[in-house]
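Q: Sequence:
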Amino acid sequence: MNKRSIFILFFALLIFSVSAEAQCAMCRAVLENEEGQNAAKGINDGIVYLMMIPYILIGGLGYIIYYKFFKTKKELK
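In this note's numbering, the protein residues as written are 37 to 113.
Check before you lean on any hint, since a few could be wrong.
[As the list claims (entries may be wrong)] Distance ranges between label pairs, derived from CB positions:
(1) Phe52 <-> Tyr99: 32 to 42 Å
(2) Lys107 <-> Gly82: 37 to 47 Å
(3) Tyr99 <-> Val54: 17 to 27 Å
(4) Ile44 <-> Ala75: 21 to 31 Å
(5) Ala61 <-> Asn38: 22 to 32 Å
The set of hints was computed from the structure by calculation and includes no laboratory data.
Virtual Cβ for every residue (Gly too), placed ideally from N, Cα, C.
Taking the hints into account, I'd like the entire structure generated from these sequences.
A: Given below as structure tokens:
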């Protein structure tokens, strides 16, 4: 894949992404009983924030490995 197609694919994924709210069953049961949903929204945002960190780290590591592999492959030619 060339850089342009990767950019188009990445841009399309950003445009057509769906927001997701994650919550375990126990947290949902406790938070649904409250009158205000501010606490539930805060918990959801915190869970999503904490789950983004591993994906960013693994994505960065994958990019570094990919870059180093193809850089050495181009230098050998």
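Q: Now, for every hint given, state plainly whether the structure supports it.
A: Each hint, compared with the structure:
1. Phe52 <-> Tyr99: 32 to 42 Å: Violated - the Cβ-Cβ distance for Phe52 and Tyr99, about 22 Å, lies outside 32 to 42 Å.
2. Lys107 <-> Gly82: 37 to 47 Å: holds (38 Å)
3. Tyr99 <-> Val54: 17 to 27 Å: Between Tyr99 and Val54, where Cβ atoms are some 24 Å apart, the hint holds.
4. Ile44 <-> Ala75: 21 to 31 Å: violated (40 Å)
5. Ala61 <-> Asn38: 22 to 32 Å: With a Cβ separation near 45 Å, Ala61 and Asn38 fall outside 22 to 32 Å, so the hint is violated.
Hint check: violations occur at hints 1, 4, 5; the rest are consistent with the structure.
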